[in-house]
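*Asks:* Spelled out from the first residue to the last, the chains are:
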Amino acid sequence: MSAHADTHDAHDDHHHKETFITKYIFSIDHKMIAKQYLITGTIMGVIGVIMSLMMRMQIAWPEEPNVIFEALLGKWAPDGVMDADIYLALVTIHGTIMVFFVLTAGLSGTFSNLLIPLQIGARDMASGFLNMVSYWLFFISSVIMVSSFFVEAGPAAAGWTIYPPLSALPMAQGGSGMGMTLWLVAMAIFIASSLLGSLNYVVTVINLRTKGMSMTRLPLTIWAFFVTAIIGIVSFPVLLSAALLLIMDRSFGTSFFLSDIFIQGEVLHYQGGSPVLFEHLFWFLGHPEVYIVILPAMGLVSEIMATNSRKPIFGYRAMITSILAIAFLSTIVWGHHMFISGMNPFLGSVFTFTTLLIAIPSAVKAFNWITTIWKGNIQMNPAMLFSIGFVSTFITGGLTGIILGDSALDINVHDTYFVIAHFHLVMGISALYGMFAGIYHWYPKMFGRMLNKKLGYIHFWITAICAYGVFFPMHFIGMAGLPRRYYTNSNFPLFDDLADTNQIITIFALVGGVAQLIYLWNFFSSIFYGKKAVQNPWRATTLEWTTPVKHIHGNWPGEIPHVYRWSYDYSKPGHDVDFVMQNVPLKEGEEELQH
Amino acid sequence: MTALLSILVLVFILVAIWQMVKIFDLTQSDSVDGNNQVANDKDNKLNGYLMIGFLAFIYIITIWSFVELGDLPLMSNSASEHGPGVDSLMIISMIVIFIVQTITQFLLHYFAFKYRGEKGKKALFYADNNKLEAIWTIIPVIVLAVLIIQGLFTWTTIMNVNEDNDPLIIELYAQQFSWKARYGGEDNTLGKANVRLIDIDRANTLGVDEADPNAQDDIITAELHLPVGRPVLFKMRSQDVLHSAYMPHFRAQMNCVPGMITQFGFTPTVTTADMRDTPEMKDKVSNINDIRVQKSKELVAKGEEGLEPYTFDYLLLCNKICGKSHYNMQMKIIVETQEEYDAWIKTQKVFKNSLVNN
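The listed protein sequences derive, respectively, from chains A and B. Quick note: to get this note's numbering, add 61 to the position in the first sequence (first position is 1). Quick note: to get this note's numbering, add 123 to the position in the second sequence (first position is 1).
The following block holds chain A by itself, in its conformation from the complex:
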């Protein structure tokens, strides 16, 4: 450790001989890599959101010509009318991009990279080189994923879950040809990127903590990133294996997932495989994946809530325990996506049981957040608003999980809009809020400038209202039996009375989508014109705020600070200020809280 530190100190003395390329492109500095993740994730996010808005417009005004479709979809929208194939492609790529590229890489990649070294007191990640490779693999995989839109027969269109046989047979669907190949290649590269990143995070947290930074003094952000990385390492390889087996079925004639298929007038040779096997493999990653998405957001929110409430996080140990419990349970609940897949009903009972158990640590977390703001001195910074918004949507979306996790009830709402409403609130909107909260909070650390708070307020309030406006009524049209992934509902007069609600939802979605332009404007213009940040603008206790505003390689100009206390000494009695930083030694007679 000290040797590591020394070389960096020496390095700092004779300044950097960095070129533009090593500084901004092939950087091995974790802060720059974090920014690269954030910008790439933002671009992917814009693409993903535009796709969702196009889907919403199609649902609200089915088969009506729309100039936007004509402009953006080209040959897929002849005369401006969206094609049914491309609708399913939008469904698929929107899901893939948002889940993996925005909320996994964009969220975890950005903040794990930025905060792990800064908050644990390390000069950089354990391996800066692997970190760089990880980012560039992510970048390549993003490019491949987006480029699949330019393939002749269209991008993958079998849903983000790519269940075979639909995804395996090019004759079943245009998108299952070259488009699906690109999807699989992109995801394989993405998984490699994610694994390199995760390994790096785990090694860094275990080995590179500064003196005094015991595991029980770590900020909850680091705990969340640490556990997230472990879940990723456990579950992503399973998706990789599923993808490889699917590639074998598609290209080399094996029958892992396929059996007894008659399509377009001919019997295919496949025999003995089972699509249900694929579902198991997919959801063994797919379910932990939602916790990979939400745990980092939880970590960020915990930190921001404590800082802005000027109070310690309530129940620090319970928060860690619940993160660990969620992580453990997340790996044994995947079957709740498959209650009606044809698997043994007894398994359904088991998975119902384990699934509903997850509600317990989740409830503990929600109550602890609420208690954290109780009797606080709440500073309503935009980051805090998004954190409160996070808790709100996490509760609203999470509660309907007790319906979907219950196999008997899932029968009737499975794959309806109820599911869409549930998971968008609990892991889509919530995770996005967590990401926004993190960006508003750590923007000064990343760019040395402040985001405009008024634009932040407007951004939050419009987004908050629209998020509820979109997803709350959606539960009800789901309970009315409207299946998801329908290009149009006009073939079902039964659902004609849902059309109005669908239009209202779309209007909320459009307003909410356009409101993100406020944020984008704020984000990009503040990089150049934002107010200059002071070293510790939010008066927080963690180590990243002891580094200079201007980034230097190695983070601290001198020695790495030592740590003497946990990261939540806000408003501690016996101190004049309402926060005591982690690198401040205990006063004589002061006790470190037995947390």
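Wrong hints could be hidden among the right ones.
Unchecked claim - A short, non-exhaustive set of chain B residues, derived as facing chain A with CB atoms under 10 Å:
no.	residue
1	V209
2	H232
3	A235
4	A250
5	K315
6	T385
7	N412
8	S448
9	Y464
In short, the hints are calculated from the structure, not lab data. Quick caveat: nothing in here was measured; it's all calculated off a predicted structure. From the three backbone atoms N, C-alpha and C, an ideal C-beta is built for every residue, glycine too.
Mind docking chain B on chain A? Use the hints.
*Replies:* Then chain B, alone, in the frame of chain A:
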């Protein structure tokens, strides 16, 4: 076009908001450092009040959804024997959710308002309370235990598929993008089948084994007729990709998986005719027809054909993404009296007579 216009309007509104913010900014004194971008007491107060406003918004949208959309859900008019069990579990869960949602959202937003920051105020240093945490661990445990137990009972009852009660055996056969039903015929036994036996030239589209004696009297139909009050056991097959047989009115759904046979059983309790006569359904249908009349007028004005009026029918929908025309893969279900059913089934061709000899 309307969509584009509305987007343009939105963009203008946003530009206007941004302009206002700019003007507002200019009127404020401009300090060099960024501390004026940190929330001050004014911001805390404003956003604190907005939190209360937002709480009201959540309550309003909840009430609006229940009042306006609450009659859309198929909560009260299930048409199968196990349906009321599912519905009552659903209602219990909804009540639990409603209570927890109302209380926690109140606490969250009210605290955010009540404890909004003020200069000179100091927060309470309150880091832990094992008793409190134990309470809110144990309460969810108890509530969930109740829900889990009732859920598991309901689930086991529904999925306990057996052939003791002499169910009517029907095969549901899925293909891109249509459904077929195959009845066992006189012997109520399905003949063996495999997609490898499909012979389009002989019109054997389901791959039924022509040599199997049980298959001879099988009946293949494009509409699903069910006698009321008789248990039905569906055996599901798919010939190409995954499909899902979703029969929302019967609280029934099961995937159709190529290469295997999946099952789902239920007993229909309300005939189509009776269901059409229930007051809720009459309301729903007349409401839908009002909408359709309105839409027809618009269509006719554009020189297109108007819409047919709607009469209620039970439906089987595909609910697993299966390709381009997934959104239009449906089959009508008709629940009728035993006599009506018997009369109908007599008019259907049996398998051995449906084959084309060439």
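*Asks:* Determine for every hint whether it applies to the structure shown.
*Replies:* Structure-based check of all given hints:
1. V209: 6 Å, holds
2. H232: With a closest approach of 7 Å, the B:H232 hint holds.
3. A235: Because about 5 Å separates B:A235 from the closest Cβ in chain A, which is inside the 10 Å limit, the hint holds.
4. A250: At about 4 Å, which falls below the 10 Å cut-off, the nearest Cβ of chain A leaves the hint on B:A250 intact, so it holds.
5. K315: B:K315 check fails; min Cβ-Cβ to chain A is 13 Å, beyond 10 Å.
6. T385: Status holds, d = 4 Å.
7. N412: 9 Å, holds
8. S448: 7 Å, holds
9. Y464: 23 Å, violated
Of the numbered hints listed earlier, those contradicted by the structure are 5, 9.
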